Amino acid sequence: MTSALRPSTTTSAGGDHGAGDGKSKDDPVAAKAIGFLVVFGIAASIAEALLAKPNSHPERSQGPPAWDSPMSPSMRSGKQMGSPEKEQDLRRKEADHPLTDLNLSASEESDITYSTLGVCNPPCFVSSDSDRGLYLIRRWCQARFSSRWLEHEFDREVPFPVQEESLSIGGTQSDSTYLIGLGSYDITGPAADVNMMGYANTEQIASGVHFRLKARTFIVAEPGGNRVVFVNLDACMASQLVTIKVLERLKSRYGDMYNDKNVAISGIHTHAGPGGYLQYVVYIVTSLGFVRQSFDVIVDGIEKSIIEAHENLRPGNIFVNNGELLDASINRSPSAYLNNPAAERSKFKYDVDKEMTLLKFVDDEWGPIGSFNWFATHGTSMSRTNSLISGDNKGAAARFMEDWAAQTGYAKGSDIVTGVRDSSLHRRVSVIIPQPHENFHKLRQLASSFLASGGRHLASSESVSPRVRNRQDGKPKFVSAFCQSNCGDVSPNVLGTFCIDTGLPCDFNHSTCNGKNELCYGRGPGYPDEFESTRIIGDRQFTKAVELFDKASEQVKGTVDSRQTYIDFSKLEVTLFSSDGGQEVVKTCPAAMGFAFAAGTTDGPGAFDFKQGDDKGNPFWKLVRNLLKTPSKEQVACQQPKPILLDTGDMDLPYDWAPAILPVQIIRIGQVVILCVPGEFSTMAGRRLRDAVRTVLTSDGNGEFDSNVHIVIAGLSNTYSQYVTTYDEYQIQRYEGASTLYGPHTLSGYIQEFKKLASALLDGKIIESDLQPPDLLDKQISFLPPVVMDTTPYGVKFGDAGTDVPENSTFRPGDMVTATFWSACPRNDLLTEGTFSLVEILDGSSTWVPAYDDDDFSLRFKWSRPSRLSAHSHATIEWRIPETVAAGVYRLRHFGASKSLFGKIRHFTGTSRAFVVL
Numbered sequence: 000m001t002s003a004l005r006p007s008t009t010t011s012a013g014g015d016h017g018a019g020d021g022k023s024k025d026d027p028v029a030a031k032a033i034g035f036l037v038v039f040g041i042a043a044s045i046a047e048a049l050l051a052k053p054n055s056h057p058e059r060s061q062g063p064p065a066w067d068s069p070m071s072p073s074m075r076s077g078k079q080m081g082s083p084e085k086e087q088d089l090r091r092k093e094a095d096h097p098l099t100d101l102n103l104s105a106s107e108e109s110d111i112t113y114s115t116l117g118v119c120n121p122p123c124f125v126s127s128d129s130d131r132g133l134y135l136i137r138r139w140c141q142a143r144f145s146s147r148w149l150e151h152e153f154d155r156e157v158p159f160p161v162q163e164e165s166l167s168i169g170g171t172q173s174d175s176t177y178l179i180g181l182g183s184y185d186i187t188g189p190a191a192d193v194n195m196m197g198y199a200n201t202e203q204i205a206s207g208v209h210f211r212l213k214a215r216t217f218i219v220a221e222p223g224g225n226r227v228v229f230v231n232l233d234a235c236m237a238s239q240l241v242t243i244k245v246l247e248r249l250k251s252r253y254g255d256m257y258n259d260k261n262v263a264i265s266g267i268h269t270h271a272g273p274g275g276y277l278q279y280v281v282y283i284v285t286s287l288g289f290v291r292q293s294f295d296v297i298v299d300g301i302e303k304s305i306i307e308a309h310e311n312l313r314p315g316n317i318f319v320n321n322g323e324l325l326d327a328s329i330n331r332s333p334s335a336y337l338n339n340p341a342a343e344r345s346k347f348k349y350d351v352d353k354e355m356t357l358l359k360f361v362d363d364e365w366g367p368i369g370s371f372n373w374f375a376t377h378g379t380s381m382s383r384t385n386s387l388i389s390g391d392n393k394g395a396a397a398r399f400m401e402d403w404a405a406q407t408g409y410a411k412g413s414d415i416v417t418g419v420r421d422s423s424l425h426r427r428v429s430v431i432i433p434q435p436h437e438n439f440h441k442l443r444q445l446a447s448s449f450l451a452s453g454g455r456h457l458a459s460s461e462s463v464s465p466r467v468r469n470r471q472d473g474k475p476k477f478v479s480a481f482c483q484s485n486c487g488d489v490s491p492n493v494l495g496t497f498c499i500d501t502g503l504p505c506d507f508n509h510s511t512c513n514g515k516n517e518l519c520y521g522r523g524p525g526y527p528d529e530f531e532s533t534r535i536i537g538d539r540q541f542t543k544a545v546e547l548f549d550k551a552s553e554q555v556k557g558t559v560d561s562r563q564t565y566i567d568f569s570k571l572e573v574t575l576f577s578s579d580g581g582q583e584v585v586k587t588c589p590a591a592m593g594f595a596f597a598a599g600t601t602d603g604p605g606a607f608d609f610k611q612g613d614d615k616g617n618p619f620w621k622l623v624r625n626l627l628k629t630p631s632k633e634q635v636a637c638q639q640p641k642p643i644l645l646d647t648g649d650m651d652l653p654y655d656w657a658p659a660i661l662p663v664q665i666i667r668i669g670q671v672v673i674l675c676v677p678g679e680f681s682t683m684a685g686r687r688l689r690d691a692v693r694t695v696l697t698s699d700g701n702g703e704f705d706s707n708v709h710i711v712i713a714g715l716s717n718t719y720s721q722y723v724t725t726y727d728e729y730q731i732q733r734y735e736g737a738s739t740l741y742g743p744h745t746l747s748g749y750i751q752e753f754k755k756l757a758s759a760l761l762d763g764k765i766i767e768s769d770l771q772p773p774d775l776l777d778k779q780i781s782f783l784p785p786v787v788m789d790t791t792p793y794g795v796k797f798g799d800a801g802t803d804v805p806e807n808s809t810f811r812p813g814d815m816v817t818a819t820f821w822s823a824c825p826r827n828d829l830l831t832e833g834t835f836s837l838v839e840i841l842d843g844s845s846t847w848v849p850a851y852d853d854d855d856f857s858l859r860f861k862w863s864r865p866s867r868l869s870a871h872s873h874a875t876i877e878w879r880i881p882e883t884v885a886a887g888v889y890r891l892r893h894f895g896a897s898k899s900l901f902g903k904i905r906h907f908t909g910t911s912r913a914f915v916v917l
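Using numbering that gives the first Met the number 0, you'd call the opening residue of the sequence shown number 0 and step up by one each time.
Source of the hints: derived by calculation from the structure; they are not laboratory data.
Misleading hints may appear alongside valid ones.
[Said to hold, decoys possible] The following label-pair restraints were derived from C-beta to C-beta distances:
1) Ser698 x Ser631: 35 to 43 Å
2) Asn508 x Pro618: 21 to 29 Å
3) Ala458 x His871: 18 to 26 Å
4) Ser251 x Phe901: 28 to 36 Å
5) Val787 x Gly813: 37 to 45 Å
Predicted, not measured: the structure shown is a model, and the values here were computed from it.
Glycine included, each C-beta is placed from N, C-alpha and C at the ideal position.
Work out the full structure: start from the sequences and follow the hints.
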C-alpha cells in the first residue's frame, strides 16, 4: 500500500488504460499534500470542537440497519420458543430428564428443522408450535454443544455446561472431523465522492462499481471443543476500529464464544475500495477524515457473514493442498531483496513466494461448499487512476471461482448458475459457446417492441430487483476466498517496470526515469488495459485454485486452537542471538515513515523529488517535516538509517496518527497454522517468520507436528501497521523499508513474539495481555460534505434514459453495450446486497429476468456529475458481452435512490431499449 499521506500526481479518472499509459505532470492538488498536513495539524483542535461526532454523522448508510438486536430479522422469521409459560414448562421437563436419558428416535427427529444443525443459537426453530417439539430442539441443542450460550426470544442467556462425547445426528454417527460453516456478505461502500484507500492519490475518488466487495468467512469448530473464525475482506486492509466494533457485536450476540483470541479479520489489499474506515490519522487524510458510511458497511458485512457461517455450521471435513503459481507475481524491490545474505537467498528458487495454499471445505451432506487460499501478490492490477470500486485481482478470482462452482454444481444439488428460470437460456460460465439464434428476425422484432421504460419510483429499496446469484432455500452457497499473504514487495504487474516517456526500463536501484520516480510504472499482463490485467491475474489465481481444489486429498486432522496477544511495538525489547552464541537486547522504535515512502512504488509512484532508496533525505522536506513534528535525537538514532519524514509515533493531534499496540495471532486447524500479521511482510520477512514458527512447532511439539505442517501468513490482519522488511532490506530504504514503522528490528520483534505464541499453543498455555488498542471512534473527524440533494431537469424523471441503446441494435460477444440514465448520488443508499446495474434477458415474450448485475466482471456502473457542485448526475452502464453469453433479447436496467432537499430518500429504476445479442 502507498500510505495515505504520500503526495500524488494528477492523472485522468478511470478508464481502459494501464498504470503508465499517460504522462504524469505537476498537480496543484497533489502539491498540497504535505501542506495539507500542516493545516490539518494546526486546525485540528478547532475542527474537533466544531465538527459533528460520528454518532450523528449524516452519511450513515441508508441500507440495512445495524444489528443492534441480539437476534437477526432472519432468525425472527421462524417459529420461536413461545410464551413464558411454555418456557417454564420446558425447564421443568429439562429438570425431569437428564441428558443421559436423551435418545431421539427417528420420529422425534422429524420435529427438528435441520437448518439448525450445528447452530442452536436461539431462537431454535421447530416445525410446529408443540411443546414436545420445543422440548426436543432445546434438549438436542444441549446435547450438541458444551458450554454454549443459548438465547431465546426474551433475550436472556442461559448457559448449559454439557460434556459432549461424540458427533451424532439423528442417532447416526458421523465420521466428520469438524463442524464447518461458511458465509459471505456485501461490504461495498459508497460509490461516489469518497477517496479510495491504497494509492493515496487525492484525485482517485470513487465514481462507480466495477464489481461488488464481499466479506467471506469460515468457522471451524471441534465438536464440543474450540472454534476459530477467519474473515477475508475485499478491502485494502483490516482496521483496528472495525475489529473492535465487530467483536463488540459478536459478544452481545454470542457471549464469549467469539472473541479477539479466535476471530481473525484479514484484507485482500485491493487499492480500489472506499477509504475512511481506519481510525489513525495517517490513513484517513486523503479521504478527508473518517467516513462513517465506509466504516458501517464493513462492520455490518463482517458481522452478517459470521452470523451466516455460524448458522451454517454442520459436520464436514477439510482438505489442504498447495502448489506453485509462477506467472502472477514479481518482486517490485529486487535491489532490496538482493541485500539479504546470499546464503539465505540460495535456498529459494524465486525472489517472491510462488506457493498457493488452499483449504477445501466439504460438507457431509452437500459436498464441497467452499475454499480459502493464501497467495502473495499485491492488489494493484487496477491503477491509481481507476475510480470504480473493485476487488482487484483477488476479488475477481473469488468471483470466477464461485461462478465456476455454481456451474459445476457445488453445493451438491444446488442450481445457482443464474437467476434465469430456465438455465438453458443463459449460462454464466460455460465451456459451450451458444450458437446464434436460428430466428434472428423474430428476435429483432421482439426486441423492437420494448422501448426504454422511463424512470419510475419504487416503494422502497426492497423493490430492487433480486440479485442474479440468489441462495437456494436449504442449500449452502459456495464461498471462495483468495486471501492475502506476505505481499509487501510483490507486484501483479508482471511485465516489469518501464518509463512512460521513453518506454525503457526504469532505474534498477531507485525506480526512476531520468531521476523522476513519477515516470516509472509497472505493467500488468493486459497492458495498457488495467481491467484486462485484473482479469488475467485473477484468472491465473482462479485456475490454480481450481487445480488445487480438485486434487486436494490431504485431510486436515487435529486440534482447533488459537493464541493471540497485544504488543506495544513502539518500545518492544528484542533479544538477538548471534551465530557464536552471544546475545544482544535491542528495542523497536515509535512509528516513523522515511523519505522513500513518499516516493511510492512502481505500482503507484509518488511525486515531487522523492525517490526510493533514499537514506539521506533533503533539507527542504526536513523543514516541512519540522513544522509538524521534529523527531528527537533518540528517535533519529533508533530509526537509522531511515531519514524520518513523518514522526507519526509521536504525533497525537487531534488524535493518534499511527498505531503502537498491535495484535499478533496464531490460528491452528489440525496441521494447518495461520499466522495473522497486522501488516505487509516482504517475501524474505515472511519466510523467516514461517521458518521460526515451524522450528518451534516441529522441535518442541512432542511429535504433534511434523515436517508436513502447513504454515501460511495472513497479511493485513486485525489492524494495519504498514510494512515489515528484513533488517538487511531495511538498510536499502526503498519504499517498503521506509514504511517499516518501528525501525530495523521490527521483524525480529515479530519473530520473537510469534515464537512465544507457538510455544503457548503447544503447551496449552493461555497468554494474557494488559494492553488493549485504543477505541478512537468518538474522536473521529470528517471533512467529507454530505449529499445535499439530487435533482433532474424539468420534465425528466430519475431513471429516464439520457443516452439509450441505438434502435434495432444487434451485438455479439466482445461488444460493449452502453446506456446512460438520469441518476442520483449512490451515497443515498449503498444498495447493500442489491445492485445499481442489471442486465435482463427476455424469458418468453414478456417476462424479464436478471442475467448480470453489479457482481459481474463484465458489467460496469459509472456515476458522474456535470460539475462538482451540480445536483444533477448520470449513471452509465457498460456491459462488455461475455464470450459465454446466450443468444437472446436483452436490456439494461439502473437502480438508484434520490435525496430531496428535506432529506427524504426515494428509490427509482429505469431501463434501456431492448437489443439482440447473437
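Hint-by-hint comparison with the structure:
Against the hinted window of 35 to 43 Å, the Cβ-Cβ separation of serine 698 and serine 631 comes to about 41 Å, which satisfies the hint. Taking the beta carbon of each, asparagine 508 and proline 618 are about 23 Å apart, inside 21 to 29 Å as hinted. Range check, alanine 458 to histidine 871: Cβ separation about 25 Å, and the 18 to 26 Å hint holds. For serine 251 and phenylalanine 901, the Cβ-Cβ distance of about 34 Å falls inside the hinted range of 28 to 36 Å, so the restraint holds.
A hinted range of 37 to 45 Å holds for the C-beta pair valine 787 and glycine 813, which are about 41 Å apart.
Violated hints for the displayed structure: none, as all numbered hints are satisfied.
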